[in-house]
Amino acid sequence: MGTSRSTNPRIAAGILALAAITTLIGGAFAGLVVEGVQDTSGALAAFDPYLFRVVRFTLWQALLSTALSVIPAIFVARALSRHPNFPGRALILRLFAVPLALPAIVAALGVLALYGRAGYFADLFGSISGQSWPGIYGLSGILVAHVFFNLPLATRFFLEALDIVPADQWRLASQLGMGARSAFRLIEWPAMRASLPGIAGLVFMLCITSFTIVLTLGGGPRATTLEVAIYQSLRFDFDPARAVALTVLQIALTMAVVAALMRLGANLAGDANLSVAPRRFVSASKQETAFNSVLLALALLFVAGPMLATVIAGLDAELLRLAGETAVRQATGTSIVLASLAALLSAALALSLVMARRALALRRGKQHQTLLESVVDTGAGFVLVVPPIVIGAGWFVLLRHFGDVFAVAPVMVVTVNAVMAMPFAIRAIRPAHDAASERHERLCAQLGISGWNRLRLVEWPVLRRPLMTALAFAMALSLGDLGVIALFGSDAVQTLPYLLLARMGSYRTDDAAGLALLLGLLCLALMMLADRLGKDFLPR
Amino acid sequence: MTTGAAIRLDHVAFSYGEAAMNFDAAIEASAITAVMGPSGSGKSTLLNLIAGFETPQAGRILISGMDVTRLEPAARPVSMVFQENNLFAHLSVEQNVGLGRSPALRLAAEDREAVAGALDRTGLAGKEKRLPRELSGGERQRVALARVLVRDRPVLLLDEPFAALGPALRDDMLDLVQGVHEERKMTVVLVTHRPEDARRVAQRMIFLDNGTVAASGETEFFFEPDGPAAFRRYIGTEQKVALPPEIARKTT
Chain A
13 MGTSRSTNPR
23 IAAGILALAA
33 ITTLIGGAFA
43 GLVVEGVQDT
53 SGALAAFDPY
63 LFRVVRFTLW
73 QALLSTALSV
83 IPAIFVARAL
93 SRHPNFPGRA
103 LILRLFAVPL
113 ALPAIVAALG
123 VLALYGRAGY
133 FADLFGSISG
143 QSWPGIYGLS
153 GILVAHVFFN
163 LPLATRFFLE
173 ALDIVPADQW
183 RLASQLGMGA
193 RSAFRLIEWP
203 AMRASLPGIA
213 GLVFMLCITS
223 FTIVLTLGGG
233 PRATTLEVAI
243 YQSLRFDFDP
253 ARAVALTVLQ
263 IALTMAVVAA
273 LMRLGANLAG
283 DANLSVAPRR
293 FVSASKQETA
303 FNSVLLALAL
313 LFVAGPMLAT
323 VIAGLDAELL
333 RLAGETAVRQ
343 ATGTSIVLAS
353 LAALLSAALA
363 LSLVMARRAL
373 ALRRGKQHQT
383 LLESVVDTGA
393 GFVLVVPPIV
403 IGAGWFVLLR
413 HFGDVFAVAP
423 VMVVTVNAVM
433 AMPFAIRAIR
443 PAHDAASERH
453 ERLCAQLGIS
463 GWNRLRLVEW
473 PVLRRPLMTA
483 LAFAMALSLG
493 DLGVIALFGS
503 DAVQTLPYLL
513 LARMGSYRTD
523 DAAGLALLLG
533 LLCLALMMLA
543 DRLGKDFLPR
Chain B
7 MTTGAAIRLD
17 HVAFSYGEAA
27 MNFDAAIEAS
37 AITAVMGPSG
47 SGKSTLLNLI
57 AGFETPQAGR
67 ILISGMDVTR
77 LEPAARPVSM
87 VFQENNLFAH
97 LSVEQNVGLG
107 RSPALRLAAE
117 DREAVAGALD
127 RTGLAGKEKR
137 LPRELSGGER
147 QRVALARVLV
157 RDRPVLLLDE
167 PFAALGPALR
177 DDMLDLVQGV
187 HEERKMTVVL
197 VTHRPEDARR
207 VAQRMIFLDN
217 GTVAASGETE
227 FFFEPDGPAA
237 FRRYIGTEQK
247 VALPPEIARK
257 TT
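For the record, the sequence lines run as chains A and B. Take any residue in the first sequence, note its place counting from 1, add 12, and you have its number in this note's numbering. Take any residue in the second sequence, note its place counting from 1, add 6, and you have its number in this note's numbering.
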């Protein structure tokens, strides 16, 4: 199109955003390289048998978590799809959206409150096994928490795949008298199999980079993943060379997984929206209905259990005393300020990249994508390859040469969380922005609406809601994050998750439960806001 | 008030993916010219080039003798009405028309007067505060025409703006265009795929085929038995229906 001259500010904004992201990630890599060069022997010495045990455990727990999440999800999704009028179906779907909003540390606490040594089930399990219940720490705890997060996620993805099956196929199936078994074999399984590699890959990726859950539930060197080992080498052993070795391994591992995922065409940014089931023509037999009911009830109990435990344990805590504590108030204030800033930065980065991508696509017309456009387009997804701990670790080893590492905590928390939430913000903003651009581009060019006028009269009314969605989503993600603050946090700068971890560490379980409830409710409220705002922002 | 301006496409070359186009045409000032041709022949591209949404790879576009080839769309003496998406969905009828006066939507008293007058002229009085989604398809295109009136540019390009409307409504809209043309005498270029529309309002016609001007001239000349062969092939059976019944009978 001939409108390139008036779109240059948009491209410039995108380049600026790319530069900022590159600086953040590049700085981290620079830190790692400098450290590696300075202490090469130390970094190489870190490749000891212990490290390989850590790598093995990282992979093993991710593999188990994936299998335990994805395989049951196939059957839960199928049950949900075959019983569109199942009582409580809407509730289940709504509940299955909650883990996506919950901070990992809150979920970890919920799992402990339920299955821990002093958990609600401890007496029951103790009387069954005939000895005192040791609580689930280590691999079992990690698996339960990972499944709590990823079973609902995988279920929702599979359900989406099933919802794409055209209604006519179901009509045909019922006309031909297909039973449950043949309908699964001929219709449902092919639909789900297509998305299986992508879903399994995504879950595997999430589990391999999982930090908070392994930190809080892993308990000890026998159940440590690379991310937690990076954290320990920096915060406890203070062995930067070792951290470099671990980080390089972590990056190599995630790169390999992501490369595999890209080949499978997985979508790395999850979606918080619920799907609506189309009309079905399925008549399930009595046995099948019974089986599915039991399956759904079990899934519901498994997912709702830790949530309920969080609420009950939280209400048991002395909430009023907690709310009166200066440390709690300060941490809440710090969390909200940092998360708001991260959300604003995240939305600004996302909007810049979205606008630049569109402007570049318009400028080239039908010609091939330029390198810049493809970087702006897909580059955003690549930040997911680099876990927050890795960026944090890189800057940590770099900045310690220049003074107090802990003084930059707020900057690190804001920037890293902003970049981490960016792919989700892009997903919220881009469809509305591109659709609006599609409709308005020629009109704006003709009427000479550009720059500030265009932002005010054309973009803002259309993008207001998706921007709010992106802000709320990004804010919820940063509020719950423990990765960066675990590295950079100190008594001077504490966020809610950091304070929660500290209280857990000093065995003040009641306080932790109260804080978890507070944090969980905050994030849930933000996610509900994001979901509500995101529902109908496309103009009719 | 401006009157029409002549348009000249001087060996304008443009390629769109595989399809290469080369237009050389003169469009008469203050006339209504219909542009016809098979799909993919370049009708919309021709209009997009004149409006400035596409930039030619070679050649010049002159309006009123002035070279506009490198001008931004907003700087050209041209208004264009598209088949759809002529309105901002979140702005009222009044605001959508007002944008024709000020891209910042800062309207002086006389601008408001012009907007009210244009809405009146297009039969939209009383609907000023409505949003586009509260209007019918025909009314939306009337809003677009009202904006054309307040912009008051010497050239009006219509890219099949009434194709989605029913027959009676389409005739009303063509009458409106014709009426406005009589008052303002701007140069109107109308892309259509219906020969009867061209015959109804256009004095002149351009027939495009395969990215070039295959024929141009008086509209009536095209419909004569010895009119351009390419055009006669294009309308084929449609012409038989359009002709008087006794001729149609002879051919059977």
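Quick caveat, the hints were computed from the structure, so don't treat them as lab data. Hints are not guaranteed to be accurate.
What the hints assert, rightly or not - Computed Cβ-Cβ distance ranges for the label pairs, DEER-style: (1) A:Gln187 x B:Asp177: 46 to 52 Å; (2) B:Glu24 x A:Thr35: 53 to 59 Å; (3) A:Ile27 x B:Leu68: 54 to 60 Å; (4) A:Ala537 x B:Glu189: 57 to 63 Å; (5) A:Ile348 x B:Glu24: 36 to 42 Å; (6) A:Pro443 x B:His17: 40 to 46 Å; (7) B:Arg205 x A:Ala24: 37 to 43 Å; (8) A:Ile27 x B:Glu202: 48 to 54 Å.
Said to hold, decoys possible - Over 12 Å on every C-beta distance to chain B, these chain A residues come out as not near it, computed from the model: (9) Phe64; (10) Ala109; (11) Gly150; (12) Ala235; (13) Ala448; (14) Gly463; (15) Leu536; (16) Leu541.
Predicted model, so just to flag it, every value in this text is computed and none were measured. Virtual Cβ for every residue (Gly too), placed ideally from N, Cα, C.
Practice item. Please name the hints from earlier in the document that this structure breaks, with their numbers sorted from lowest to highest. Key: 2, 3, 5, 7, 13, 14
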